[in-house]
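Enquirer: Sequence lines, in order, name chains S and W.
Every letter in the first sequence is one number past the one before it in this note's numbering, and letter 165, counting from 1, is 165.
This note's numbering runs 181 ahead of the 1-based position in the second sequence.
Simulated from the structure, these hints should not be mistaken for laboratory data.
Treat each hint with caution, since some may be false.
[Claimed, not checked] Per the computed footprint, the stretches of chain W lying under chain S, defined by three or more beta-carbons under 8 Å from a beta-carbon of chain S, are:
# : stretch
1 : 230 to 242
2 : 250 to 257
3 : 318 to 330
[As the list claims (entries may be wrong)] Anything over 10 Å on all C-beta distances counts as not near chain S; from chain W, calculated:
#  : residue
4  : Thr184
5  : Gly202
6  : Tyr281
7  : Ala312
8  : Ala348
9  : Leu352
10 : Val356
11 : Ala359
12 : Leu360
13 : Arg363
14 : Arg366
For glycine and all other residues, C-beta sits at the position ideal for the given N, C-alpha and C.
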Amino acid sequence: MISPASLSTIKTHRWNPYLVGALIGVLSILTFSLADKPIGISTGIAQAAGACAVPVMGAESVAANTYWAKKAVPAWDYGSLFVVGSFLGALISSLMSRSFKMETVPTVWREQFGPSVAKRLIAAFLGGVVIIFGARLADGCTSGHGISGSLQLAVSSWTFFLVMFASGIATAFVMFRRRRA
Amino acid sequence: MHTVFAFITGPGLLWAGLLFGIIFGMLLHRGGVTDYNVIVNQFLFRDFTVLKVMLTAIVVGGVGIFILHGHQLANFHIKSATMLAVALGALLFGIGMVIYGYCPGTGIAAIGTGKLDALAGFFGMIAGAGAYAMSYDWIAANILPVADLGKMRLPQLVGGPEGVWYAGLALMALVVFALVNRFHRHPIGCCTQG
Numbered sequence: 001m002i003s004p005a006s007l008s009t010i011k012t013h014r015w016n017p018y019l020v021g022a023l024i025g026v027l028s029i030l031t032f033s034l035a036d037k038p039i040g041i042s043t044g045i046a047q048a049a050g051a052c053a054v055p056v057m058g059a060e061s062v063a064a065n066t067y068w069a070k071k072a073v074p075a076w077d078y079g080s081l082f083v084v085g086s087f088l089g090a091l092i093s094s095l096m097s098r099s100f101k102m103e104t105v106p107t108v109w110r111e112q113f114g115p116s117v118a119k120r121l122i123a124a125f126l127g128g129v130v131i132i133f134g135a136r137l138a139d140g141c142t143s144g145h146g147i148s149g150s151l152q153l154a155v156s157s158w159t160f161f162l163v164m165f166a167s168g169i170a171t172a173f174v175m176f177r178r179r180r181a
Numbered sequence: 182m183h184t185v186f187a188f189i190t191g192p193g194l195l196w197a198g199l200l201f202g203i204i205f206g207m208l209l210h211r212g213g214v215t216d217y218n219v220i221v222n223q224f225l226f227r228d229f230t231v232l233k234v235m236l237t238a239i240v241v242g243g244v245g246i247f248i249l250h251g252h253q254l255a256n257f258h259i260k261s262a263t264m265l266a267v268a269l270g271a272l273l274f275g276i277g278m279v280i281y282g283y284c285p286g287t288g289i290a291a292i293g294t295g296k297l298d299a300l301a302g303f304f305g306m307i308a309g310a311g312a313y314a315m316s317y318d319w320i321a322a323n324i325l326p327v328a329d330l331g332k333m334r335l336p337q338l339v340g341g342p343e344g345v346w347y348a349g350l351a352l353m354a355l356v357v358f359a360l361v362n363r364f365h366r367h368p369i370g371c372c373t374q375g
């Protein structure tokens with residue numbers, strides 16, 4: 001029987017953000033040096049989209065698409081399994097800390113837009129469409145550009161970082177402006 | 182270039198991807214950035230967790246890879262500075278991130294913590310990535326070539342020694358953290374509830 005004290009760190013849901021950031025930095029060092037790969041997510045999602053497109057438009061059409069043939073081949077590889085791992089890791093972590101919770105409408109959303117489940121799901125779907133289109137156009141997301149690219153001082157990644165934050169701040173202040181009484 | 186420590190190759194890369202992904206997903210959850218509220222509150226300047234996590238990761242990872250690269254123990258993987266595409270993509274990304282409330286990585290991880298809105302956004306991302314694949318030939322012909330600087334790094338573009346760049350990066354992060362901790366106070370009751 002493991003004492004509750006020794007499990008306290010595992011069970012504490014939130015860790016210090018600087019510690020988590022430093023550990024993600026160390027993880028980057030490991031992926032670069034051991035596997036010669038950066039951390040990235042959005043290419044893996046584009047690969048999954050290719051796999052989902054196969055039953056819809058046929059394997060031949062997917063194979064004939066330049067993007068799926070060359071840039072995001074729908075197959076199990078390092079990048080697509082990294083995406084699966086990210087899902088599993090968060091699942092394991094939330095179960096271990098007993099913070100796994102089914103939820104559809106987050107607090108900050110509900111305070112501004114009300115408790116409607118349909119409204120939140122539709123917005124999340126549309127937000128997902130826009131964010132991944134942006135990520136593929138920029139050739140990276142918060143992981144591939146924001147962390148992996150920025151830490152290599154890539155011009156593309158710092159451009160992405162600054163424009164993304166500016167755009168997000170502007171969007172947030174428009175969407176979440178206080179309602180006048 | 183093959184580097185000495187890069188022993189993970191071939192089929193081993195599949196397991197490495199899965200394992201590194203699991204660690205990444207755990208860290209995203211522990212950092213609190215799988216929480217919609219934490220992400221949206223960053224863009225509203227109510228919570229600086231996202232910035233703290235990202236900048237610390239950039240400094241620690243950056244200095245580490247700078248040192249390894251200097252000893253030929255790591256390769257750089259630079260994405261092309263296709264400036265129009267990156268700027269337009271980042272513009273869309275910022276809008277999408279606030280509406281979705283997650284980024285692609287934290288969204289995937291948030292599904293693992295039980296967030297069903299994150300799952301709806303995942304279906305959106307599948308649709309959006311499909312739309313991009315369909316538009317790719319046109320984008321590759323008309324958008325990607327505009328202001329393409331290639332695999333450019335800041336020290337090449339602006340000049341100056343690498344060491345100074347990384348020292349400056351660390352200093353900038355420390356200044357940002359000091360400012361955030363000096364001027365930002367968590368409003369009571371804000372930003373902690375899941």
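Enquirer: Are the hints correct? Go through all of them and say.
Expert: Hint check:
no.: 1; hint: 230 to 242; in the structure: holds (count 11)
no.: 2; hint: 250 to 257; in the structure: holds (count 4)
no.: 3; hint: 318 to 330; in the structure: holds (count 5)
no.: 4; hint: Thr184; in the structure: violated (6 Å)
no.: 5; hint: Gly202; in the structure: violated (2 Å)
no.: 6; hint: Tyr281; in the structure: violated (3 Å)
no.: 7; hint: Ala312; in the structure: violated (6 Å)
no.: 8; hint: Ala348; in the structure: holds (12 Å)
no.: 9; hint: Leu352; in the structure: holds (14 Å)
no.: 10; hint: Val356; in the structure: holds (15 Å)
no.: 11; hint: Ala359; in the structure: holds (13 Å)
no.: 12; hint: Leu360; in the structure: holds (15 Å)
no.: 13; hint: Arg363; in the structure: holds (16 Å)
no.: 14; hint: Arg366; in the structure: holds (16 Å)
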